[in-house]
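Number of protein chains: 2
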Amino acid sequence: MGQSIKIGLMGLGTVGNAFVRALSRFQSDGHSACENAMEIKKILVRHPDRHLDYDSRLTTDARDIIDDPEVAVVVELMGGMEPARSLMLAALKRGKAVVTANKEVMAHAGLEIWEASRKSGAGVYFEASVGAGIPVIQGIRRGLAGNQIHSITGVVNGTTNYILSRMTQDGLEFSTALREAQREGYAEVDPTDDIAGYDARRKIAILATVGFATWVSPDDVQVDGIAGITQDDIAYGLSEGWVLKLIATAHRQQDTMKISVRPTFLPQNHPIAQVMGAYNAIWVEADPVGNVMYYGLGAGGYPTASAILSDVLQAVRDLMGQHHEFWPVVDRHLKLDGSENSRVMSYWRLEVLDRPGTLAQVAVTLAKHGLSLRSVHQKPLSGGRALLFLVHHECAEHLWRMARTSVAQLSVVEHVGIPVSIWQSEEESRER
Amino acid sequence: MGQSIKIGLMGLGTVGNAFVRALSRFQSDGHSACENAMEIKKILVRHPDRHLDYDSRLTTDARDIIDDPEVAVVVELMGGMEPARSLMLAALKRGKAVVTANKEVMAHAGLEIWEASRKSGAGVYFEASVGAGIPVIQGIRRGLAGNQIHSITGVVNGTTNYILSRMTQDGLEFSTALREAQREGYAEVDPTDDIAGYDARRKIAILATVGFATWVSPDDVQVDGIAGITQDDIAYGLSEGWVLKLIATAHRQQDTMKISVRPTFLPQNHPIAQVMGAYNAIWVEADPVGNVMYYGLGAGGYPTASAILSDVLQAVRDLMGQHHEFWPVVDRHLKLDGSENSRVMSYWRLEVLDRPGTLAQVAVTLAKHGLSLRSVHQKPLSGGRALLFLVHHECAEHLWRMARTSVAQLSVVEHVGIPVSIWQSEEESRER
Chain W
231 MGQSIKIGLM GLGTVGNAFV RALSRFQSDG HSACENAMEI KKILVRHPDR
281 HLDYDSRLTT DARDIIDDPE VAVVVELMGG MEPARSLMLA ALKRGKAVVT
331 ANKEVMAHAG LEIWEASRKS GAGVYFEASV GAGIPVIQGI RRGLAGNQIH
381 SITGVVNGTT NYILSRMTQD GLEFSTALRE AQREGYAEVD PTDDIAGYDA
431 RRKIAILATV GFATWVSPDD VQVDGIAGIT QDDIAYGLSE GWVLKLIATA
481 HRQQDTMKIS VRPTFLPQNH PIAQVMGAYN AIWVEADPVG NVMYYGLGAG
531 GYPTASAILS DVLQAVRDLM GQHHEFWPVV DRHLKLDGSE NSRVMSYWRL
581 EVLDRPGTLA QVAVTLAKHG LSLRSVHQKP LSGGRALLFL VHHECAEHLW
631 RMARTSVAQL SVVEHVGIPV SIWQSEEESR ER
Chain R
231 MGQSIKIGLM GLGTVGNAFV RALSRFQSDG HSACENAMEI KKILVRHPDR
281 HLDYDSRLTT DARDIIDDPE VAVVVELMGG MEPARSLMLA ALKRGKAVVT
331 ANKEVMAHAG LEIWEASRKS GAGVYFEASV GAGIPVIQGI RRGLAGNQIH
381 SITGVVNGTT NYILSRMTQD GLEFSTALRE AQREGYAEVD PTDDIAGYDA
431 RRKIAILATV GFATWVSPDD VQVDGIAGIT QDDIAYGLSE GWVLKLIATA
481 HRQQDTMKIS VRPTFLPQNH PIAQVMGAYN AIWVEADPVG NVMYYGLGAG
531 GYPTASAILS DVLQAVRDLM GQHHEFWPVV DRHLKLDGSE NSRVMSYWRL
581 EVLDRPGTLA QVAVTLAKHG LSLRSVHQKP LSGGRALLFL VHHECAEHLW
631 RMARTSVAQL SVVEHVGIPV SIWQSEEESR ER
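First to last, the protein sequences are chains W and R.
Sequential numbering of the first sequence, starting at 231, is according to my numbering.
Sequential numbering of the second sequence, starting at 231, is according to my numbering.
Because the hints were derived from the structure by calculation, they are not lab data.
For glycine and all other residues, C-beta sits at the position ideal for the given N, C-alpha and C.
Some hints here could point you the wrong way.
Straight line, CA to CA, 20 Å or less: simulated SDA-like cross-link-like pairs of lysine to any residue [to be verified]:
id	chain 1	residue 1	chain 2	residue 2
1	W	565	R	259
2	W	349	R	551
3	R	349	W	565
Using C-beta positions, here's what the derived DEER-type ranges look like [claimed, not checked]:
id	chain 1	residue 1	chain 2	residue 2	range
4	R	628	W	403	49 to 55 Å
5	R	419	W	259	32 to 38 Å
6	R	484	W	403	44 to 50 Å
7	R	348	W	418	27 to 33 Å
8	W	507	R	244	56 to 62 Å
9	W	419	R	461	33 to 39 Å
10	R	449	W	607	56 to 62 Å
11	R	348	W	251	40 to 46 Å
12	R	497	W	403	24 to 30 Å
13	W	471	R	606	50 to 56 Å
14	W	507	R	419	16 to 22 Å
Some chain W residues judged to face chain R by a derived CB distance under 7 Å, without partners named [stated by the list, open to error]:
id	residue
15	252
16	256
17	313
18	364
19	365
20	368
21	375
22	377
23	507
24	518
25	520
26	525
27	536
28	590
29	636
Bound conformation, chain W alone (with noise of 0.2 Å):
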């Protein structure tokens, strides 16, 4: 056996720790003496003093990393956009393996990173950057090679899908649950990030630049957050059978490609609408092997280590046999379908003042519009209103976004909630 590899570690928090931990476990576990001969070296922080066990191995200057001849892996677990961005295309540029859990670097920069890999030959993974140490990354990548990608749709969120979870399973309001998300730690204090949306963004774009082998901006994703969902809405859905879930999904035909974060009403025996909790899933539809699904926790310093290490050691064989692949992925040849052509069923629920003709003038307006009403269910409220449920059947967005504006400058129409995608599978979808 030659020499170790040595490791470089940027960033020791929660995920860094339980790196830490784990790599040290697995090696007591008395594996090959390949899978054994890796070191950290450096441990990067901002404060020394609060991880006094790590002693000599700790620095506060991150070229003592970059710098290290001897380093080959870096393990970036920073987290946000900078510094860590600027380390990974220094580390690469340095022809050091990067291993990072970083979704915000990874869907905002991506293109950059995998050209400066594919320029030195070092190579980037990126397990931990969605569904924690669920491996669906190289499970899409790997598992599924030689398959063509139709959908990847995935609740990959997990403070979202825990809000839902207690809405739905406990009956619990938004706020009530939000704040049992915080307490929990399953929310940040400011938990806009996750709520709006803009998370599950960035994992979608990642996940649809590995299955569909071409860069995915988070740009291109069309986001609707869960602020707004209440009580009323997910009773609703249950009634009809349905489970409310913030849905990432993305979809491709031909050169065409639709991706979208919005919360959907799916089947209560999907095996989507069954992921609860702090729980993640995806589910892949691809040819020829029909539908997958990676399930697992999506969240948590042991489960994202998980993958971090699963990373490492493939960064590590991949470096004693010299030998590994780049990231097939080539600059936009995807045409994005806009909100134009894309079509949409949706339910909203309007409140609205409860009095002969409100129905009538909403179905108008609706008409006008060219949409026509699947269904519609009243709920009487006090002081002379009503909730009205309404499910109008596919329309093109453009027509949708109209009538919707419409319907809410109705004098009747107090307020117009936020609308709820309806599930179409993918078979659905092609029939039409």
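Based on these hints, arrange chain R on the given structure of chain W.
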């Protein structure tokens, strides 16, 4: 680009045909030169006249593939033990990589196959042997690399799952559901191999071998099939919130392993309970990842071809990189936890004479063997008989076996149905 890599295909049934088509579709999609550099040179068939469109590539003599120095990858899709096993060994001996869907050979002769691979330096790839296109073998081996696998639990046989799903969802009796399965092509004319759990036994042996990195033989697996399950069993389970599945499971604790295939009641909300029809799912409990599940179609030409294709692509990459690793499978170092030590909690259905004192006799008999009852339900039948549905608390398996024999011998007991295990999660098991 140098010369293309030549493939020798053995077997041109449903999977073989699907593989040929999937490969050709993949190549016409315009991938990188590297991945395109493959060509099926020879195809071994029994009846060339049935495959006229493949003309000159057909052969009935395996030596045309084995002895051809140009053939670098042998894809074995004949199924069954012989001649598949001998041909795989011969191919490996000549340094050819072997890709196979053959669960018989991998489960029963895996050790011999890996040994041949290690000796000659040629790789063995068998993703398709379990769960068709579900990337579970590499998903465990690579995706959870560095994890300690505590348990692997799966619905791995589509035939029995189809039958049990129809019994659960549509209230069919076993014999009707089996006939439906045969009509739909999910069950063989002689369904014994599936119904008795032998197919599931081979698959859990392969999964345990991969997950525990130690050789596990199908003979190590305790197996009970589903013949004898009645609609009464299914309905009783549902009334308790349980779904009946044929569960294959392998647990490891330090150096001890427990592995079985058994009809099992799972809580309705467990993700595995929701796997219906011909779908398969494999649930892995591991450290540090937590729980991960892989889900997808468990059989069929195209799903299986997906796994073959991804393995062939991996074999080609390994050949081009002059680099592949061997399976770190060692001969047995895990102790089998035999039935004397293992503990069970199960449900029994008894057909009894409906007269005073019957339940007392049963209860006394159980108590004599140290079994305590968790619940008893009675359902009257015609003709002075009744069904007793018992669930007992956990007890040692040898006591359980004696108790069952004694109960069956009681004059008031006319019939003892097949016992169904009650699912206990890894955490519950560890708390004992």
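Hint check results:
1. W:565 - R:259: Holds, because 17 Å separates the two Cα atoms, which is no more than 20 Å.
2. W:349 - R:551: holds (19 Å)
3. R:349 - W:565: The given pair, whose Cα atoms are some 50 Å apart, is violated under the 20 Å limit.
4. R:628 - W:403: 49 to 55 Å: Given a distance of about 54 Å, which is inside 49 to 55 Å, the answer is holds.
5. R:419 - W:259: 32 to 38 Å: Roughly 47 Å apart at Cβ, these two residues miss the hinted range, so it is violated.
6. R:484 - W:403: 44 to 50 Å: Cβ of residue 484 of chain R to Cβ of residue 403 of chain W: about 47 Å, so the range 44 to 50 Å holds.
7. R:348 - W:418: 27 to 33 Å: violated (50 Å)
8. W:507 - R:244: 56 to 62 Å: violated (40 Å)
9. W:419 - R:461: 33 to 39 Å: At 54 Å between Cβs, range violated.
10. R:449 - W:607: 56 to 62 Å: holds (60 Å)
11. R:348 - W:251: 40 to 46 Å: violated (32 Å)
12. R:497 - W:403: 24 to 30 Å: Hint holds: Cβ distance 28 Å, inside 24 to 30 Å.
13. W:471 - R:606: 50 to 56 Å: Hint violated: Cβ distance 35 Å, outside 50 to 56 Å.
14. W:507 - R:419: 16 to 22 Å: violated (45 Å)
15. 252: holds (5 Å)
16. 256: holds (5 Å)
17. 313: Check failed: Cβ of residue 313 of chain W comes no nearer than 27 Å to chain R, outside 7 Å.
18. 364: holds (6 Å)
19. 365: Constraint on residue 365 of chain W satisfied, holds at 2 Å.
20. 368: holds (6 Å)
21. 375: holds (4 Å)
22. 377: holds (6 Å)
23. 507: violated (11 Å)
24. 518: Constraint on residue 518 of chain W satisfied, holds at 4 Å.
25. 520: holds (5 Å)
26. 525: Residue 525 of chain W check passes; min Cβ-Cβ to chain R is 4 Å, inside 7 Å.
27. 536: holds (4 Å)
28. 590: The hint is violated - residue 590 of chain W has no Cβ within 7 Å of chain R, the shortest such distance being about 42 Å.
29. 636: Constraint on residue 636 of chain W not satisfied, violated at 41 Å.
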